[in-house]
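From first to last, the protein sequence lines stand for chains H and P. When we follow the working numbering, the leftmost residue of the first sequence carries the number 607, and every step to the right adds one. When we follow the working numbering, the leftmost residue of the second sequence carries the number 43, and every step to the right adds one.
To be clear, the hints were calculated from the coordinates, so they are not data collected in a lab. Backbone N, C-alpha and C define an ideal beta-carbon position, used for all residues, glycine too. Some clues are possibly wrong.
Stated by the list, open to error - Stretch-level coverage of chain P by chain H, calculated; a stretch enters the list once three of its residues show a Cβ under 8 Å from a Cβ in chain H:
1) 49-63
2) 66-80
3) 111-119
To be verified - Partial list, derived from the structure: chain H residues whose beta carbon lies under 8 Å from chain P:
4) Met607
5) Gln618
6) Leu670
7) His673
8) Ala684
9) Ala701
10) Leu702
11) Leu726
12) Glu735
13) Val739
14) Ser745
15) Tyr746
16) Asp751
17) Leu753
Stated by the list, open to error - Straight-line alpha carbon distances no greater than 16 Å define the calculated EDC-like cross-link-like pairs of lysine to aspartate or glutamate that follow:
18) Lys66(P) to Glu88(P)
19) Lys98(P) to Glu50(P)
20) Lys748(H) to Glu63(P)
21) Lys66(P) to Asp758(H)
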Amino acid sequence: MTGDAVWYEAAQVVGITNALNVAADALGALGMVEEADAPPETRALFAEIRAFYESPEVPPAFRLIAHDPAYAADVWAAARRAYADNRLSRRVKEALAFAVSLTTRSGTGTTFHLGEMRRLGVGPRGIMEIVGVTQMFSSYTKIADTLQLEPDMGHLAPEDPTPAPGGPTR
Amino acid sequence: MPTVRLREAAEYPPEAQRLFELSKAWFNHDFGQPPAMSRVMAWDPEFGGPHGRAMKRAMSPGEFTRAEKEMVAAAVSGASACEY
Numbered sequence: 607m608t609g610d611a612v613w614y615e616a617a618q619v620v621g622i623t624n625a626l627n628v629a630a631d632a633l634g635a636l637g638m639v640e641e642a643d644a645p646p647e648t649r650a651l652f653a654e655i656r657a658f659y660e661s662p663e664v665p666p667a668f669r670l671i672a673h674d675p676a677y678a679a680d681v682w683a684a685a686r687r688a689y690a691d692n693r694l695s696r697r698v699k700e701a702l703a704f705a706v707s708l709t710t711r712s713g714t715g716t717t718f719h720l721g722e723m724r725r726l727g728v729g730p731r732g733i734m735e736i737v738g739v740t741q742m743f744s745s746y747t748k749i750a751d752t753l754q755l756e757p758d759m760g761h762l763a764p765e766d767p768t769p770a771p772g773g774p775t776r
Numbered sequence: 043m044p045t046v047r048l049r050e051a052a053e054y055p056p057e058a059q060r061l062f063e064l065s066k067a068w069f070n071h072d073f074g075q076p077p078a079m080s081r082v083m084a085w086d087p088e089f090g091g092p093h094g095r096a097m098k099r100a101m102s103p104g105e106f107t108r109a110e111k112e113m114v115a116a117a118v119s120g121a122s123a124c125e126y
């Protein structure tokens with residue numbers, strides 16, 4: 607877990623998870639796109655999403671934003687990139703998404719990513735490990751904020767001297 | 043600026059000094075002064091002790107590695123907009 611690349615991946619997961627949860631938790635009034643009524647490009651998009659999640663269901667967030675198929679396709683492309691196996695495994699990424707959903711009180715996200723963790727092989731012990739980390743750091747962060755503590759541990763991690771992907775070394 | 047005066051490690055009783063040693067071992071880093079959070083948690087050992095044990099239990103390697111858990115902790119802190 608050294609180097610910045612894994613942290614960029616983690617940040618992508620945190621960001622896109624929040625984006626999807628915002629839609630899934632609060633956009634119900636918009637109504638979900640029904641596949642039977644959807645244009646071909648949306649049906650193709652839904653098929654790709656179902657294949658990625660190995661599920662007969664398309665997550666609600668995508669059905670809610672599919673009223674604009676081109677927008678939904680771009681959001682999905684970003685989500686697929688963020689959640690796919692890369693330097694971080696999909697299993698770890700789902701744990702991150704679960705923790706973030708729990709922290710932000712997203713019922714939809716928590717339920718969805720809990721299911722994904724289980725589907726990817728995380729057992730009851732592993733789930734409780736992530737619950738424990740989430741709870742404990744929800745506590746630490748609030749204690750730190752209440753006392754307005756200033757960061758004093760940032761120097762523990764060494765700086766990563768490598769360039770951006772494809773960039774020249776400095 | 044903190045809303046409380048963070049005491050120097052030397053201002054704490056011996057049992058807290060032990061907690062600071064544990065903190066140093068946990069992070070595998072010799073801090074000049076224990077981190078602010080360690081000093082906060084040492085203020086009341088009846089709170090900080092069990093809270094710290096729960097944290098250590100949660101962060102210990104299991105199905106997920108400690109490094110993976112540190113990343114989850116960073117994500118939770120980020121989602122909580124906590125700079126510390």
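Results of checking the hints against the structure:
Closer than 8 Å: that is the beta-carbon criterion, and the segment 49-63 of chain P has 0 residues meeting it against chain H, so the requirement of 3 is violated. Given as covered by chain H, the segment 66-80 of chain P passes the check, having 5 residues with a CB less than 8 Å from a CB of that chain where 3 are the minimum. Counting residues of the segment 111-119 of chain P whose C-beta sits closer than 8 Å to any C-beta of chain H gives 9, which meets the bar of three, so the coverage hint holds. With its C-beta approaching chain P no nearer than about 4 Å, Met607(H) sits inside the 8 Å limit, and its interface hint holds.
The restraint placing Gln618(H) at the interface with chain P is violated, with a minimum CB-CB distance near 11 Å, outside the 8 Å limit. With a least beta-carbon distance of about 21 Å to chain P, the hint placing Leu670(H) at the interface is violated under the 8 Å criterion. A hinted interface residue such as His673(H) counts as satisfied when its beta carbon comes closer than 8 Å to some beta carbon of chain P; here the least separation is about 27 Å, so the hint is violated. Checking Ala684(H) against chain P: minimum C-beta separation of about 17 Å lies over 8 Å; hint violated.
For Ala701(H), the interface hint holds, since its Cβ comes within 8 Å of a Cβ in chain P; the closest pair sits about 6 Å apart. A hinted interface residue such as Leu702(H) counts as satisfied when its beta carbon comes closer than 8 Å to some beta carbon of chain P; here the least separation is about 5 Å, so the hint holds. A distance limit of 8 Å between C-beta atoms decides the matter here; for Leu726(H) the minimum to chain P is near 11 Å, and the interface restraint is violated. A least Cβ separation of about 5 Å between Glu735(H) and chain P falls short of the 8 Å threshold, and the interface hint therefore holds.
A least Cβ separation of about 5 Å between Val739(H) and chain P falls short of the 8 Å threshold, and the interface hint therefore holds. At its closest, the beta carbon of Ser745(H) sits 7 Å from a beta carbon of chain P; the interface hint therefore holds under the 8 Å criterion. Against a cut-off of 8 Å between C-beta atoms, the interface hint on Tyr746(H) holds, since the closest Cβ of chain P lies about 6 Å away. At a threshold of 8 Å, the smallest CB-CB gap from Asp751(H) to chain P is about 6 Å, leaving the interface hint in force.
The criterion of a C-beta within 8 Å of any C-beta in chain P is met by Leu753(H), whose closest approach is roughly 5 Å, and the hint holds. With a CA separation close to 20 Å, the supplied pair Lys66(P) and Glu88(P) exceeds the 16 Å bound. Taking the CA atoms of Lys98(P) and Glu50(P), the gap is about 24 Å. The hint is violated against a cut of 16 Å. Distance restraint check for Lys748(H) and Glu63(P): the Cα-Cα separation of roughly 24 Å exceeds the 16 Å cut-off, and the hinted pair is therefore not satisfied.
Restraint check: the Cα-Cα separation between Lys66(P) and Asp758(H) comes to about 14 Å, which is no more than 16 Å; the hinted pair holds.
Violation of the numbered hints given earlier is confined to hints 1, 5, 6, 7, 8, 11, 18, 19, 20; the remaining hints are satisfied by the structure.
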